[in-house]
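Colleague: Chains as they are written, first to last, in numbering that gives the first Met the number 0: chain A, 0 to 286; chain B, 0 to 296; chain C, 0 to 366.
Everything labelled a hint here was simulated from the structure, so no lab data went into it.
Since this is a predicted model, take the numbers as computed values, not measurements.
Ideal Cβ positions, reconstructed from N, Cα and C, are used throughout, including at glycine.
One thing to keep in mind: the hints can contain errors.
Said to hold, decoys possible - Sample of chain C residues lacking proximity to chain B, with all beta carbon distances greater than 10 Å (derived):
1. R72
2. P73
3. T93
4. A129
5. D167
6. M174
7. V217
8. V254
9. L257
10. G271
11. E285
12. A300
13. V314
As the list claims (entries may be wrong) - In silico PhoX-like links for lysine-lysine, alpha-carbon gap of 25 Å or less:
14. A:K280 - C:K76
15. A:K95 - C:K76
16. C:K253 - C:K169
17. C:K132 - C:K155
18. C:K286 - A:K197
19. B:K56 - A:K146
20. A:K277 - B:K56
21. B:K17 - C:K307
22. C:K76 - A:K197
23. A:K197 - C:K307
24. A:K281 - C:K277
25. C:K155 - A:K197
26. A:K99 - B:K284
To be verified - Quick list of the computed label-pair ranges, beta carbon to beta carbon:
27. B:T12 - C:E285: 53 to 61 Å
28. A:W141 - B:V277: 35 to 43 Å
29. B:D71 - A:F106: 30 to 38 Å
30. C:R153 - B:I16: 28 to 36 Å
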Amino acid sequence: MERLRRNPQLQAWLILAIPVAFILIFFMAPLLIVFIYSFLERGKYGGVEWAFTLENIRRVFDPLYFKTFLRSAYIAIVTTLITLALGYPLAYFIAKSPPKRRGMLMFALMIPFWTNFLIRTYAWVMLLRTHTGLINVTLTNWGVIDKPLPLYGNDFAIILGLVYGWLPVMVLPIYAALERLDESLLEAARDLYASSSKAFWRVTWPLSLPGVAAGAMLVFIPSLGAFVTPAILGGGKSLMIGNIISNQFLGAHDWPFGSALSMVMMVAMLVATLFYFKWTKKTEATT
Amino acid sequence: MSRKTTPTASSDTWERIKAQFGNWSLTTYGILGFAFLYVPIVILVIFSFNDARSISKWAGFTTEWYGKMFRDGQIMLSIWNSLFLAIVSTIIATILGTLVALGLERYNFKGKTAVDSMFYLPVIIPDIAMAIMLLLFFNMSGIGFTPWKVTFFGTKLAVPYSVIIGHVAFNTSFVAIVVRARLTQMDRTLEEAANDLYANAWQTFRRITLPMLMPGIIGGALLAFTLSLDDFVITFFTSGAGFNTLPVRVFGMIKKGVTPKINAVSTLMLAVSLTLVVISILLSKRSDDGGSVKMGF
Amino acid sequence: MTETNAVEIQEVVKQFGNVVAVNHVSLQIRDGEFFSLLGPSGCGKTTTLRMIAGFEMPTSGAIYIYGERQGYRPASKRPVNTVFQNYALFPHMTVAENIAFGMEMQKVDKNEIQRRVAEALEMVQLGQMANRKPKQLSGGQQQRIALARALVNRPKVLLLDEPLGALDLKLRKAMQIELKTLQEEVGITFIYVTHDQEEALTMSDRIAVMNNGVVHQVGDPESIYEHPADQFVADFIGETNFIPVTVVSVGPEKVVELGTGEKVTVGWIEEGVKMGDKAVLSIRPEKMDLLEPHQVPRTPASGVAYVKSKVRHLVYVGTDTRHTVILGDGSEVVVRLQNIYIGDEPWEIGEEAILTWNAAHARVLKE
Numbered sequence: 000m001e002r003l004r005r006n007p008q009l010q011a012w013l014i015l016a017i018p019v020a021f022i023l024i025f026f027m028a029p030l031l032i033v034f035i036y037s038f039l040e041r042g043k044y045g046g047v048e049w050a051f052t053l054e055n056i057r058r059v060f061d062p063l064y065f066k067t068f069l070r071s072a073y074i075a076i077v078t079t080l081i082t083l084a085l086g087y088p089l090a091y092f093i094a095k096s097p098p099k100r101r102g103m104l105m106f107a108l109m110i111p112f113w114t115n116f117l118i119r120t121y122a123w124v125m126l127l128r129t130h131t132g133l134i135n136v137t138l139t140n141w142g143v144i145d146k147p148l149p150l151y152g153n154d155f156a157i158i159l160g161l162v163y164g165w166l167p168v169m170v171l172p173i174y175a176a177l178e179r180l181d182e183s184l185l186e187a188a189r190d191l192y193a194s195s196s197k198a199f200w201r202v203t204w205p206l207s208l209p210g211v212a213a214g215a216m217l218v219f220i221p222s223l224g225a226f227v228t229p230a231i232l233g234g235g236k237s238l239m240i241g242n243i244i245s246n247q248f249l250g251a252h253d254w255p256f257g258s259a260l261s262m263v264m265m266v267a268m269l270v271a272t273l274f275y276f277k278w279t280k281k282t283e284a285t286t
Numbered sequence: 000m001s002r003k004t005t006p007t008a009s010s011d012t013w014e015r016i017k018a019q020f021g022n023w024s025l026t027t028y029g030i031l032g033f034a035f036l037y038v039p040i041v042i043l044v045i046f047s048f049n050d051a052r053s054i055s056k057w058a059g060f061t062t063e064w065y066g067k068m069f070r071d072g073q074i075m076l077s078i079w080n081s082l083f084l085a086i087v088s089t090i091i092a093t094i095l096g097t098l099v100a101l102g103l104e105r106y107n108f109k110g111k112t113a114v115d116s117m118f119y120l121p122v123i124i125p126d127i128a129m130a131i132m133l134l135l136f137f138n139m140s141g142i143g144f145t146p147w148k149v150t151f152f153g154t155k156l157a158v159p160y161s162v163i164i165g166h167v168a169f170n171t172s173f174v175a176i177v178v179r180a181r182l183t184q185m186d187r188t189l190e191e192a193a194n195d196l197y198a199n200a201w202q203t204f205r206r207i208t209l210p211m212l213m214p215g216i217i218g219g220a221l222l223a224f225t226l227s228l229d230d231f232v233i234t235f236f237t238s239g240a241g242f243n244t245l246p247v248r249v250f251g252m253i254k255k256g257v258t259p260k261i262n263a264v265s266t267l268m269l270a271v272s273l274t275l276v277v278i279s280i281l282l283s284k285r286s287d288d289g290g291s292v293k294m295g296f
Numbered sequence: 000m001t002e003t004n005a006v007e008i009q010e011v012v013k014q015f016g017n018v019v020a021v022n023h024v025s026l027q028i029r030d031g032e033f034f035s036l037l038g039p040s041g042c043g044k045t046t047t048l049r050m051i052a053g054f055e056m057p058t059s060g061a062i063y064i065y066g067e068r069q070g071y072r073p074a075s076k077r078p079v080n081t082v083f084q085n086y087a088l089f090p091h092m093t094v095a096e097n098i099a100f101g102m103e104m105q106k107v108d109k110n111e112i113q114r115r116v117a118e119a120l121e122m123v124q125l126g127q128m129a130n131r132k133p134k135q136l137s138g139g140q141q142q143r144i145a146l147a148r149a150l151v152n153r154p155k156v157l158l159l160d161e162p163l164g165a166l167d168l169k170l171r172k173a174m175q176i177e178l179k180t181l182q183e184e185v186g187i188t189f190i191y192v193t194h195d196q197e198e199a200l201t202m203s204d205r206i207a208v209m210n211n212g213v214v215h216q217v218g219d220p221e222s223i224y225e226h227p228a229d230q231f232v233a234d235f236i237g238e239t240n241f242i243p244v245t246v247v248s249v250g251p252e253k254v255v256e257l258g259t260g261e262k263v264t265v266g267w268i269e270e271g272v273k274m275g276d277k278a279v280l281s282i283r284p285e286k287m288d289l290l291e292p293h294q295v296p297r298t299p300a301s302g303v304a305y306v307k308s309k310v311r312h313l314v315y316v317g318t319d320t321r322h323t324v325i326l327g328d329g330s331e332v333v334v335r336l337q338n339i340y341i342g343d344e345p346w347e348i349g350e351e352a353i354l355t356w357n358a359a360h361a362r363v364l365k366e
């Protein structure tokens, strides 16, 4: 007992022993398995053959599948940009509100985010479906359109669903950055003859960029790996990487290939994250 | 040097009009923004009371769908499953997460950065990736999807250990983050005072640290509970065959077709989420010394 | 007016909700002068400055800059520039970009911008800092850059909001001299806000002393110091003694009676104080002397007061010694005697002393 008290390192390991064991067995090991499986051959009756191959990795970059990667990236990027365009003014609105109201507004913003993602996406299924969706039915009844609008089962629906789901997450860091902004900097800009718009683009915007970057990462990564949204808004077609990976495990039983796809996806995300960290380090040093 | 002109009465007014217009359009945008976030949810709730099979035309008010929902054996089973899973995984994750927070916040040791980063991984990894890697692991390791057969509030459940483990895996990290935030805010001098008053390490922990940490631990537990109830992707892939939580059930229903019954189930889930949020706010208000990690994402 | 005032403030009121921050203030600030707004925190001096700058609009009243009524003109359209209390240097721009900013906004030609930025940096002796970021500069350097950034735009009036507050004492004193010299060289009107009365006295051509949104007195440093108009100004500027008295006569001879019954003549009585009123006699510690009882001349000079007192307390402060004496009625008076007399015996606690002063230095103010 005495040796325990004298040795903080021992204490630390004792406290962390069980959780670390847990995460090693049930997280790190599975991660390792996925990594290894990417290089194995597919077994004849499902499962795997223990033979090393690069075939899976190669197939990932096969135009057929790589196209989906590119499409997922495209959807993720568009989602991020739209969320930014919609979210920045919203963050600005909240930041410019009287201090007492800000907390309330942020709370109101986050409530939807704390409810189930599946439910929130389903709400759009309800609205966007081609023949039975609320929007199309209402517009047809009002005589505004003859044919239903193609709002469902396409990229539009997926992007809309993702934007809707991740908007609060984009607003949060931007709001934090804007709130921290020193009011006297804007006054100084105005004192130096800048118009409102010049003051915004030359002072407010650059200083809010760290918040923008954080928000963009928080939206881009989950959007790239989206599964639920394309599954129920994409109209049953495998449109994004998440769905293709899912198919390899639930349908085609090609585990090595599914693993390889997963690995490539995770590497892509890691690279994006590293760029983000490097970028923040650089701007932090000079701001 | 300056290009200023003498202001006239009308240019005065023009300046004020411009300023007012700017404010007005920002407020309008704010309202529209919040409307965008809330309207779909509100419509969803409204149509759960629709007296018709379709959800595109309002045909009158009824609570029939809620009745249908509660009489649906499969749905009720999935509700019990969700609850049991959430409770069990929360308890385990809270204990583990608190240990992690204490270990990482209070000690420095070789390899700390590695351990620290390791516990962040479940938070940043996309859920589909985590889901399939757990799927592979359980398949390969022979653990399979053996269920824990238990009777919970009179209902016989068969909850696969794999799902429980999966939930604990991601919840632990979230609990750790919340508790750790609370730890950093804690006043260390209180513990020093306890030591000064002859308390040993264990007594200090039990009588001072733990009680002061409790709001954070409860906050973390609430977060874990919510995440567990809401989880779809990881549950979907780690449950093997036939195990449904409510979100998994809903997903199946959506694939089959859109009916107000789904709206009713959704509204129920929304109500539960909201209640949990309100509870966590009330709890954090009561612990006045800055336990505001509800925004802790 | 024969020549246009740089800034004219007419009956300006500024109200925030129920709080009246500036209460019917009128000022005429002359072309080329170094004018200070002096007062304690919350007196309205900064609000007044911000109204001149255009960051706040008056609730009522008018502001003119070189004869032009400003109305609701926003700050970005006024021919004045501001040096902020926290400098407000743009952290994401270099020093040179900061200085260039105002000219860029006015679409000045690029070459001229370059030239004038270099000039401005030379003027504050920070030429080699052009490409650094503000974060890399010391407090004093940042202050000079803030100054350069404002002056490079050649404003008609420069507004300074407690610019030296964040600097340590020695640096502050050096900057005070620098600013004053700069202002004389450049010739622009400076309007300077401060709560430090020594600073205001050192640098200003004229001072407006403010409290609770109201201007108590406007004048050059000597007038403010030697002839304070009321109790607030007498108390706020420098150190002063307030001795309770009753007014015996207000003219042609101005006489008051101390609590001890002794009568003394005074040099000035505030308007509105009548015979028989209770008032305070205000006299500065350095204007008095202590005599040994036998040193009082047999025929006391007219206009000089001799009052009995007892030495209570001595504090040595280097250049002089503060002697606290008690009068017959218990009133405390502080006398500052310079430590230059060699050979004299110092005053001792408990000694009887005759407090003496010239009536010209004694002002009677409303209670």
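Colleague: May I ask which of the numbered hints given earlier this structure violates, with the numbers listed in increasing order?
Modeller: Hints 1, 2, 14, 16, 17, 18, 20, 21, 23 and 24 are the ones this structure does not satisfy, whereas the remaining hints hold.
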